[in-house]
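Chain B: place on chain A using the hints.
There are 2 protein chains.
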Amino acid sequence: MDQFFKPKNVAVIGASSRKGKIGYEILKNVIKSGVKAYPINPKRKKILGIQCYKSVEEIPEKIDLAVVAIDANKCIDAIERCGRKGIKNVVIISGGFKEAGNVALEKKLVEKAKKYGVRIIGPNCIGVFNGENGFNTFFQRNMQLPPYGGVAILTQSGTFGIALLEKFANEGIGVSKFVSYGNKADVNEIDLIEYLEKDESTKIIAMYVEEIGRKFFERNFKKPVVILKTGRGKLGQKAAALHTGAMATNYEIFKGVCRQKNVIFAEDFEEFFGIIKIIAMQGLPKGNKISIITNGAGPSVLACDFMEEARNIQMDNDVVDLTGSATACDYLNAIDESKADIILLTFVFQDAPLAETLDELYDGLRKRKKFYVAIALGGKFIEKQKKRLAELRIPTFEEPRVAINSLNKIVEYTMRK
Amino acid sequence: MDQFFKPKNVAVIGASSRKGKIGYEILKNVIKSGVKAYPINPKRKKILGIQCYKSVEEIPEKIDLAVVAIDANKCIDAIERCGRKGIKNVVIISGGFKEAGNVALEKKLVEKAKKYGVRIIGPNCIGVFNGENGFNTFFQRNMQLPPYGGVAILTQSGTFGIALLEKFANEGIGVSKFVSYGNKADVNEIDLIEYLEKDESTKIIAMYVEEIGRKFFERNFKKPVVILKTGRGKLGQKAAALHTGAMATNYEIFKGVCRQKNVIFAEDFEEFFGIIKIIAMQGLPKGNKISIITNGAGPSVLACDFMEEARNIQMDNDVVDLTGSATACDYLNAIDESKADIILLTFVFQDAPLAETLDELYDGLRKRKKFYVAIALGGKFIEKQKKRLAELRIPTFEEPRVAINSLNKIVEYTMRK
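Just so you know, the protein sequences line up as chains A and B, in that order. If you use our numbering, the first sequence closes out at 445, no skipped numbers anywhere. If you use our numbering, the second sequence closes out at 445, no skipped numbers anywhere.
It cannot be assumed that every hint is accurate.
Note: identical chains are not told apart, hence a pair may lie in one copy or across any two.
Taking lysine-lysine and the DSS-like style, the derived pairs with C-alpha atoms no more than 30 angstroms apart in a straight line are [to be verified]:
1) 136 <-> 317
2) 395 <-> 140
3) 266 <-> 367
4) 90 <-> 116
Since the hints were made in silico from the structure, they are not lab data.
Chain A extracted, bound-state conformation:
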């Protein structure tokens, strides 16, 4: 599996000389990540200044990984050649397999790979990203990549995967390894979770799945696992089948199994990101008592409404409403007085008394080691403050519902650990 993440020599089968084409962008990103790239395109002599080959078999050097971006019906041949060349790891970006109704084609692909001992990630995916060395097989552009850190991402959606990477980059949350595995014709979530459980750098595992086997749950999960599963009803199941060839499963059963194994499942993407964000930035809370401190109580009232159903967290006291005249000092005093396990700070940064004393606020927060989550809503000025809070590893939410529900699930996980 390591060769998927730390290859030295990478062949890009279907490399293109045309900017904007998937085969061009993958080659560009592979080159950019510092490995030795070998474009494979029978019609070109050079692409992006690098010598092109007609086939992998013509390459003199040993190749660690091949990334394939050619028509589905040409992939079996490509695997054959990779096999003969001795390439053991292949990422197939191309779609047009089981998700498009070509079940037999996908089966043959896997059989061909097995014949040579080749492992396939995909098909119909965007491949891998290694947070440690920056290696990736993406065809995306204008993307912000996150730093190196403890969150591993496994996803059957390139889109959600990219969204997570960019949002992590924005908040300084680090990623260990990322795998978009599409139709999971060969390498699947079970192979990947086993790999990640042994991967020292991985501390939390985030998964977006459309199909997940029961076998996945036949283990004890030492690291927190957070899953966003789709295909919950007929409409979603149909869409999932058309997307990754996913088989329909009962969502209630899935949730039940998650509960049994203390795997966290998320209601929607925001909650998925919210839970991961809190654990990555603050870790796990030591208890379930929550204190809400604010200079503008509207969002706190809404938070209390959602706390009604959040059975795992409890208000430590009434909402501490410092009112609009609150300064940093008022916040810090309230924090010092609180005995709660979780401090939920709602900030109206636009209120002048607070705006006037921001440096004091951040300094004070830095000195007080507690479990913090923040809520703040607004425009550019708020975005700046969110960044300053992120530097203190404090996650900020806009929607009180998401903050409360994310905390509720994290506390439930922690209490059952």
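Just chain B, lined up with the frame of chain A:
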């Protein structure tokens, strides 16, 4: 009521010379909005270069509006003086009344005002903003104010009110009038809705309420009204009582009355903003059939899951998955082929084939007049595209759940109109 929004001469009672103090910031904003400001502070001769008075009674000119930011127990005296001066409109920013348990004090305040025929907005609020002339009574800073337009905002939370204004500013959504009315000791939601129904510039009314009287619903609402109500259970009701002195009401009854009168109620702040945003930018759809067109299907699968419960909208067909190799041309063709009433476009802008053809995309969208809603997730590059879509009046969502649920409620409203 007009004097609250178009005053020429405004007294600021409790004006302060210290930056960061509420009385300073209000005076600053009032001056900035272009009206003639009269700071009232017995201890100062001048503030911000303007002559200070000991009391409103010393001002030679006629005063249209007074904004009060002094201790609660000094407000009755201030009202007395305003009454004697002939000021008919007063905004009381100060808290410390019914919400703090001082019910009798608030009653006396209102009695004193009635004696002189003075109307009070507040207490315990952030006052007003007029989108047309920019006049406002805010003590906030670093705020982005929206342009002039058709959305009126009535709110019992300054925080949520500010958040809406900034988010509107970000998306170019215009505001007619904004009133934060706090404890609604005098002017309440009934006075305000009657005023707004006659206000030509107001096309949609957005309300955040902690308490709302049954009398509010004794009318036929010609313009769409969207309400976010809190205080739904014991925890929230307690928080609401401490915030604005709100009385507990049964949330199920509230929802039932909304349904009867075709008033839209929102589940949370995001849905609240989502519904208003869609109506403000796209208007009302002509039917309930929805088409999902995407170059990255993950979010569409999740959207389909939420459509299961969204009884008012229906998929026109399967998700149109153009895959990651889609260009602008593919999107435009799919849009041309669709007969749906609502086109939900999910964009993975980071995918190079699309990134390469963005100008063509936006140009094509501009030429095709349909009912559009977009979903896009990511970082800085995505934010830029969201702005370009906003220029085309296309609202963008990050969370598929919010997009689907907002559309569901809008279609229900439209079908029952």
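Against the structure shown, which of the earlier numbered hints fail to hold, in ascending order? The structure breaks hints 1 and 2; every other hint is satisfied.
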